[in-house]
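These protein sequence lines are chains X and B, in that order.
When you number the first sequence by our numbering, it's gap-free, plus one each residue, and the end is 251.
When you number the second sequence by our numbering, it's gap-free, plus one each residue, and the end is 886.
Treat the hints as calculated values from the structure; they're not laboratory data.
Ideal Cβ placement from N, Cα and C applies to all residues, glycine included.
Just so you know, not all the hints are guaranteed correct.
If the Cβ cut is set under 8 Å, some of the chain X residues that face chain B in the computed set are [said to hold, decoys possible]: (1) 42; (2) 44; (3) 176; (4) 178; (5) 180; (6) 229.
Distance ranges between label pairs, derived from CB positions [stated by the list, open to error]: (7) B:231 x X:136: 34 to 44 Å; (8) B:121 x X:246: 52 to 62 Å; (9) X:225 x B:475: 32 to 42 Å; (10) B:323 x X:246: 54 to 64 Å; (11) B:238 x X:73: 30 to 40 Å.
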Amino acid sequence: MKILVIGGSGLIGTKVVALLRQKGHQVIAASPSTGINTITGEGLAEATKDTDVVIDLANSPSFEDNAVMEFFQTAGRNLLGAEISAGVKHHVALSIVGVDIMQNIGYMRAKMAQEDIIRQSGVPYTIIRSTQFLEFIGGIANQATKGNEVHLSDVKFQPIASDDVAAFVAKYALAAPTNGIVEIAGPERFDMYDVATRYLKYINDPRTVVPNDQPAYYGGAVPRTALVPAGHAELGTISFGKWLSTQLQQA
Amino acid sequence: MKNEGGKENNRHSTPGKKEAETLIQTVEDYRREKEILLALSNELTKVREKNDLLHLFKKGIKGLFYISHTIITLIDYKDETYTPFLLDNEGSPIRTHDRYQEMVHSRFSLNEPFIQSVLQASAPISFLLKEVMDLPQSPPFLQVNYEKGVTEILMTKLMKEGKPIGFLHIYTDKPEGFSAEFRSIINGIVPQISGAVSNILKNEELLKEEKEKSFLLDFSSEIAAVRTKDDLARAVHGAFRKLNPSGGFVIRRINEDKHTLSIYVYDMPNVKNRKIIKELENTSFEMNDGLQNRILNSAIPVLLNTEREIRRGITSTYLQYWKQLGIENFVGIRLRNGETNLGILLLDIDEINVRLLKGICAQISIAMANIIANDQVSKTQGEQAFLLDFSKDITRVRTREELQHAIFTVLDKTMHTKLAMIRVLEDDGIHLSAFMYDKSLFTKVKDQFDNMAAHRITVDEPYTAQVLASEEGIMFSVEEEIKSGNDYAGLWRSTGLKNMYALPLRVGDKSIGTIWILANRLSPLLVKGICAQISIAIANIQANEKLLTYKKKLEIENDYLKEQIKTIYNFSEIIGNGEAMQRVYRLISLVADSNTSVLITGETGTGKELVARAIHNASGRKDKLMVKVNCAALPANLIESELFGHERGAFTGATDRRIGKFELANNSTLFLDEIGELPPDAQAKLLRVIQERELERIGGKQTIRLDVRLIAATNRNLDEEVKAGRFRADLYFRLNVFPIHLPPLRERQEDIEPLANFFIQKYTRSTGRKIKSISPKVIQKLRSYTWPGNVRELEHLIERSILLAEDGKIDDLFIPESTGTDKTNPALLLNRSLDEVERSYIIETLKRCGGKISGTGSAADILKIPGNTLHSKMKKLGISKSDYFS
Ligand SMILES: NC(=O)c1ccc[n+]([C@@H]2O[C@H](COP(=O)([O-])OP(=O)(O)OC[C@H]3O[C@@H](n4cnc5c(N)ncnc54)[C@H](OP(=O)(O)O)[C@@H]3O)[C@@H](O)[C@H]2O)c1
Numbered sequence: 001m002k003i004l005v006i007g008g009s010g011l012i013g014t015k016v017v018a019l020l021r022q023k024g025h026q027v028i029a030a031s032p033s034t035g036i037n038t039i040t041g042e043g044l045a046e047a048t049k050d051t052d053v054v055i056d057l058a059n060s061p062s063f064e065d066n067a068v069m070e071f072f073q074t075a076g077r078n079l080l081g082a083e084i085s086a087g088v089k090h091h092v093a094l095s096i097v098g099v100d101i102m103q104n105i106g107y108m109r110a111k112m113a114q115e116d117i118i119r120q121s122g123v124p125y126t127i128i129r130s131t132q133f134l135e136f137i138g139g140i141a142n143q144a145t146k147g148n149e150v151h152l153s154d155v156k157f158q159p160i161a162s163d164d165v166a167a168f169v170a171k172y173a174l175a176a177p178t179n180g181i182v183e184i185a186g187p188e189r190f191d192m193y194d195v196a197t198r199y200l201k202y203i204n205d206p207r208t209v210v211p212n213d214q215p216a217y218y219g220g221a222v223p224r225t226a227l228v229p230a231g232h233a234e235l236g237t238i239s240f241g242k243w244l245s246t247q248l249q250q251a
Numbered sequence: 001m002k003n004e005g006g007k008e009n010n011r012h013s014t015p016g017k018k019e020a021e022t023l024i025q026t027v028e029d030y031r032r033e034k035e036i037l038l039a040l041s042n043e044l045t046k047v048r049e050k051n052d053l054l055h056l057f058k059k060g061i062k063g064l065f066y067i068s069h070t071i072i073t074l075i076d077y078k079d080e081t082y083t084p085f086l087l088d089n090e091g092s093p094i095r096t097h098d099r100y101q102e103m104v105h106s107r108f109s110l111n112e113p114f115i116q117s118v119l120q121a122s123a124p125i126s127f128l129l130k131e132v133m134d135l136p137q138s139p140p141f142l143q144v145n146y147e148k149g150v151t152e153i154l155m156t157k158l159m160k161e162g163k164p165i166g167f168l169h170i171y172t173d174k175p176e177g178f179s180a181e182f183r184s185i186i187n188g189i190v191p192q193i194s195g196a197v198s199n200i201l202k203n204e205e206l207l208k209e210e211k212e213k214s215f216l217l218d219f220s221s222e223i224a225a226v227r228t229k230d231d232l233a234r235a236v237h238g239a240f241r242k243l244n245p246s247g248g249f250v251i252r253r254i255n256e257d258k259h260t261l262s263i264y265v266y267d268m269p270n271v272k273n274r275k276i277i278k279e280l281e282n283t284s285f286e287m288n289d290g291l292q293n294r295i296l297n298s299a300i301p302v303l304l305n306t307e308r309e310i311r312r313g314i315t316s317t318y319l320q321y322w323k324q325l326g327i328e329n330f331v332g333i334r335l336r337n338g339e340t341n342l343g344i345l346l347l348d349i350d351e352i353n354v355r356l357l358k359g360i361c362a363q364i365s366i367a368m369a370n371i372i373a374n375d376q377v378s379k380t381q382g383e384q385a386f387l388l389d390f391s392k393d394i395t396r397v398r399t400r401e402e403l404q405h406a407i408f409t410v411l412d413k414t415m416h417t418k419l420a421m422i423r424v425l426e427d428d429g430i431h432l433s434a435f436m437y438d439k440s441l442f443t444k445v446k447d448q449f450d451n452m453a454a455h456r457i458t459v460d461e462p463y464t465a466q467v468l469a470s471e472e473g474i475m476f477s478v479e480e481e482i483k484s485g486n487d488y489a490g491l492w493r494s495t496g497l498k499n500m501y502a503l504p505l506r507v508g509d510k511s512i513g514t515i516w517i518l519a520n521r522l523s524p525l526l527v528k529g530i531c532a533q534i535s536i537a538i539a540n541i542q543a544n545e546k547l548l549t550y551k552k553k554l555e556i557e558n559d560y561l562k563e564q565i566k567t568i569y570n571f572s573e574i575i576g577n578g579e580a581m582q583r584v585y586r587l588i589s590l591v592a593d594s595n596t597s598v599l600i601t602g603e604t605g606t607g608k609e610l611v612a613r614a615i616h617n618a619s620g621r622k623d624k625l626m627v628k629v630n631c632a633a634l635p636a637n638l639i640e641s642e643l644f645g646h647e648r649g650a651f652t653g654a655t656d657r658r659i660g661k662f663e664l665a666n667n668s669t670l671f672l673d674e675i676g677e678l679p680p681d682a683q684a685k686l687l688r689v690i691q692e693r694e695l696e697r698i699g700g701k702q703t704i705r706l707d708v709r710l711i712a713a714t715n716r717n718l719d720e721e722v723k724a725g726r727f728r729a730d731l732y733f734r735l736n737v738f739p740i741h742l743p744p745l746r747e748r749q750e751d752i753e754p755l756a757n758f759f760i761q762k763y764t765r766s767t768g769r770k771i772k773s774i775s776p777k778v779i780q781k782l783r784s785y786t787w788p789g790n791v792r793e794l795e796h797l798i799e800r801s802i803l804l805a806e807d808g809k810i811d812d813l814f815i816p817e818s819t820g821t822d823k824t825n826p827a828l829l830l831n832r833s834l835d836e837v838e839r840s841y842i843i844e845t846l847k848r849c850g851g852k853i854s855g856t857g858s859a860a861d862i863l864k865i866p867g868n869t870l871h872s873k874m875k876k877l878g879i880s881k882s883d884y885f886s
């Protein structure tokens with residue numbers, strides 16, 4: 001199959017590309033650096049030509065509310081427009097668990113807009129909603145840091161390793177479109193502050209985590225269980241502990 | 001076997017002198033190598049284009065060492081492949097291979113052992129083709145080369161910033177392969193070759209950008225000069241010719257209806273079929289056809305595949321045509337000015353250069369928006385000029401013909417359309433009748449149209465009601481009206497036009513009618529302006545027409561008045577107190593006050609009209625004018641319209657509506673003189689009017705109720721006319737309700753003298769002559785004359801005699817010779833058989849002679865036939881005493 005991975009140079013994208021190539025598929029890793037840009041449309045028509053599956057793993061360069069909304073809307077419209085014209089048979093996108101109940105957060109609104117564009121496009125699709133990537137814990141800690149303290153709540157948190165995410169994405173990309181949402185998550189559930197505490201300690205970060213009981217995500221108040229799957233979800237195999245150990249090896 | 005690395009491998013060490021020689025040789029080799037390296041490096045740093053590098057391979061390397069050919073491939077990381085970039089294949093043996101072209105355009109995977117070993121090697125590495133080509137996943141070019149006699153390949157990876165960017169492939173077909181020196185030199189110049197390739201890439205990129213920029217610059221200066229659609233077509237044509245000499249382009253513009261697109265400018269060099277071009281030129285394509293809307297909604301150019309779009313179920317005909325024309329792929333880009341979509345550009349290409357296309361389209365869009373705005377301005381100016389002319393024209397309009405001319409012209413000039421219908425509200429405020437329309441619009445459905453146009457509708461007719469209730473009119477889509485079963489829509493559709501624009505005609509707040517215009521699209525402002533003017537013009541014309549009718553009526557009434565004055569004067573001239581006249585007076589006074597129809601009979605000149613007027617003047621209708629029609633005075637074909645009136649256009653020559661005498665005599669008396677001369681058709685109609693007491697104008701649909709008192713007169717014997725089948729019996733009975741017979745003058749001997757005196761007085765007054773007396777001899781003469789012309793003959797005779805009289809005395813009369821036919825009332829002879837003439841003449845003569853048949857002063861004497869002959873004639877004609885003693 002010819003598979004186009006938008007954001008093929010990103011964290012998940014690189015892994016998905018590698019997995020699919022291993023399986024012998026013809027994979028195009030698309031990103032602005034390889035001349036394929038969903039915002040400007042550059043290279044898009046050529047890249048989607050004769051393509052069976054498009055996997056959208058791109059992310060906005062800016063997370064500012066308006067910019068991120070603009071990014072996902074423009075990219076979504078351009079990409080799906082090109083897919084329709086090229087006759088693409090399956091569109092796979094990576095979204096976020098709880099995206100629909102965290103609409104007070106700009107990024108979530110943008111991801112929801114992305115999902116809506118997919119659903120309305122008419123292209124057969126699979127939307128994979130994932131929990132936060134373990135690789136993202138550092139980022140979460142950073143945005144919650146004040147001075148030497150990291151203020152995080154006891155919001156439920158079930159992070160997943162990017163290798164697991166990539167494996168799920170590859171699996172769904174090769175399966176028939178579900179025309180619906182599937183959810184994926186890590187194998188264990190925590191309180192968010194707890195994961196951060198253990199992570200910082202593990203990497204010898206001097207900051208201290210100050211827990212609170214106001215569940216929030218990226219500054220926006222959210223229901224305590226917003227970030228974890230409510231119903232059935234496929235769970236990754238890589239535990240937090242196992243992941244931590246590989247992190248240090250890589251570092 | 002693969003052979004990696006530089007010189008070390010091939011350098012053997014031998015002891016002694018040989019050693020020294022070798023050393024010298026080695027030093028020499030190094031020197032030579034260094035020179036070559038230096039020279040090549042120098043050359044390589046100057047490389048800017050592919051040709052420079054090719055030249056270097058050919059002259060610099062091939063000149064020194066034997067190799068068969070060289071290729072540079074470049075890595076594409078997005079799909080992890082490498083593909084040929086530069087081919088120094090002059091003299092290459094594989095150029096003749098079947099798969100050569102395929103190789104040139106192939107993308108070879110990086111994920112296989114052969115190329116991976118090259119990537120892992122830190123220096124040029126050589127392979128014997130026969131050893132590697134059959135390994136699993138080995139790239140096919142190895143096999144291809146081998147098949148053309150190539151034996152060995154030297155692969156060198158080219159690096160940039162620590163990352164492989166491509167490979168230098170060097171081939172040889174010599175069994176000895178690549179020398180150590182050669183390998184060493186290549187290894188030495190790899191960085192420079194890599195640098196050269198990067199430079200070429202950079203340079204190509206720059207050149208491309210440069211080319212794009214200057215292209216766009218040229219285009220923008222051409223676009224800046226664009227003023228008209230034709231200019232635009234030329235500029236775009238020129239630009240795309242530069243990009244793709246064989247391909248065409250089409251710009252479609254969103255039509256004013258906002259839901260279709262039509263061709264705006266185009267160039268389709270490959271389309272030779274005029275029919276297809278016409279079709280594409282003249283069709284408005286639905287915007288939401290599943291394709292055009294996608295292009296319009298896409299911020300970026302879209303690459304489309306004709307076949308796929310057809311399979312998708314898009315039915316717009318242009319796709320079929322393109323398929324026929326063999327256009328496989330095409331690119332669609334929206335043309336947009338600010339946030340407004342203007343149209344789309346379609347290009348016969350299958351590659352997209354987003355930056356260039358966006359640049360071109362931005363310029364086209366601006367030009368297009370300017371042209372459209374310009375067109376709009378000049379159109380508006382033109383429309384305003386027309387409106388101004390129209391308003392000037394229309395203020396001068398006095399008649400329908402002038403109005404029609406003005407309206408037809410303005411509709412044609414400003415909107416290229418024709419008037420479907422103007423209906424005008426009638427005085428009753430309920431009915432609307434056709435006022436004006438352009439027949440030429442409905443030639444295909446003429447009969448149906450005429451029918452519908454003739455039909456008087458009311459304000460409650462649903463479509464009219466909607467239009468009258470609307471503020472600014474209503475647009476009916478012909479297609480939709482057809483679906484909803486609108487009877488009129490069939491007519492509308494026959495014109496091929498898409499919409500019916502119906503507007504109320506108003507003067508101030510008052511609705512005066514409706515106007516219906518068929519068109520595909522109309523400028524609302526223009527229509528409104530025109531309608532306002534038309535309304536006023538119609539109101540003026542209506543007022544004018546009313547004024548004219550009123551004036552006409554006044555004129556007619558005036559004529560009657562004059563006539564009446566004359567007859568009133570004449571009425572007093574009903575002179576005579578003889579027995580016969582006393583009976584007539586009695587009858588007049590008896591019947592006058594009723595509404596009964598009266599039939600006055602009597603010979604010519606007996607004063608039938610005077611009696612009719614006397615009846616009228618003694619009736620309750622005397623304040624109105626009696627209307628007189630002489631049925632003998634009009635040709636048969638005009639008598640009906642004279643009596644009953646006609647609508648405009650009822651028949652050829654009926655250029656105006658005409659009010660008939662019947663209508664004119666409403667609430668008064670209609671005097672039908674010479675009723676015996678009425679043609680059969682008119683008799684039938686007259687009968688109907690008398691029976692129903694209402695009439696319709698010829699060509700009209702409206703019935704008019706009437707209250708008319710009828711007085712008919714004739715000098716014929718209607719009884720006989722009926723018998724002879726020339727006069728309808730039923731009509732006769734209707735008319736003959738109250739007969740009054742006027743006696744001939746010869747039966748009123750006692751009235752002759754007073755009449756003569758009366759006329760003498762009358763004419764002496766008017767001529768100024770003084771006549772004092774008539775001699776008794778003259779009186780005697782008057783009495784003995786038969787007076788076939790009756791009172792009128794007497795009057796004329798007196799008038800003539802006064803003119804001829806000398807010294808105030810009439811002592812002779814110029815009575816015509818009582819011979820020949822003129823002695824007889826010619827009216828009596830008309831339409832009679834010889835027997836009848838003979839019979840009545842004999843009876844008359846007998847009457848005059850007091851019934852004396854033979855002897856002196858007898859009828860036989862006058863008739864100059866023997867008494868016996870007269871007797872037998874009387875017998876044969878059935879003349880009895882009762883006939884001449886009455
Ligand atoms: N982080 C989480 O916890 C989480 C959870 C659930 C879902 N997700 C979703 O997962 C997806 C992938 O996340 P990630 O962390 O793997 O992203 P990432 O590492 O930031 O990579 C983003 C990728 O998008 C590409 N990209 C940026 N702009 C582009 C453009 N205009 N056209 C084409 N490609 C463009 C980037 O290309 P360059 O490398 O050339 O810039 C890069 O390859 C995102 O959609 C994210 O919303 C994230």
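Each hint tested on the structure:
A hinted interface residue such as residue 42 (chain X) counts as satisfied when its beta carbon comes closer than 8 Å to some beta carbon of chain B; here the least separation is about 5 Å, so the hint holds. Taking 8 Å as the C-beta contact cut-off toward chain B, the hint placing residue 44 (chain X) at the interface holds, the least distance being around 7 Å. Violation of the interface hint for residue 176 (chain X) is found here, the shortest Cβ-Cβ separation to chain B being roughly 21 Å, above the 8 Å cut-off. Because the closest C-beta pair between residue 178 (chain X) and chain B is about 23 Å apart, greater than 8 Å, the hint is violated.
Against a cut-off of 8 Å between C-beta atoms, the interface hint on residue 180 (chain X) is violated, since the closest Cβ of chain B lies about 23 Å away. At a threshold of 8 Å, the smallest CB-CB gap from residue 229 (chain X) to chain B is about 34 Å, leaving the interface hint violated. A C-beta distance of roughly 57 Å is found between residue 231 (chain B) and residue 136 (chain X), which places it outside the suggested range of 34 to 44 Å. Judged by the Cβ atoms, the range 52 to 62 Å given for residue 121 (chain B) and residue 246 (chain X) is violated: they are separated by roughly 31 Å.
As the Cβ distance of residue 225 (chain X) to residue 475 (chain B) is approximately 57 Å, the hint placing it in 32 to 42 Å is violated. Under the hint 54 to 64 Å, the C-beta atoms of residue 323 (chain B) and residue 246 (chain X), about 56 Å apart, fit the expected range. Between residue 238 (chain B) and residue 73 (chain X) the Cβ separation comes to about 37 Å, which falls inside the hinted range of 30 to 40 Å.
When the structure is compared with the earlier hints, violations turn up for hints 3, 4, 5, 6, 7, 8 and 9 and for no others.
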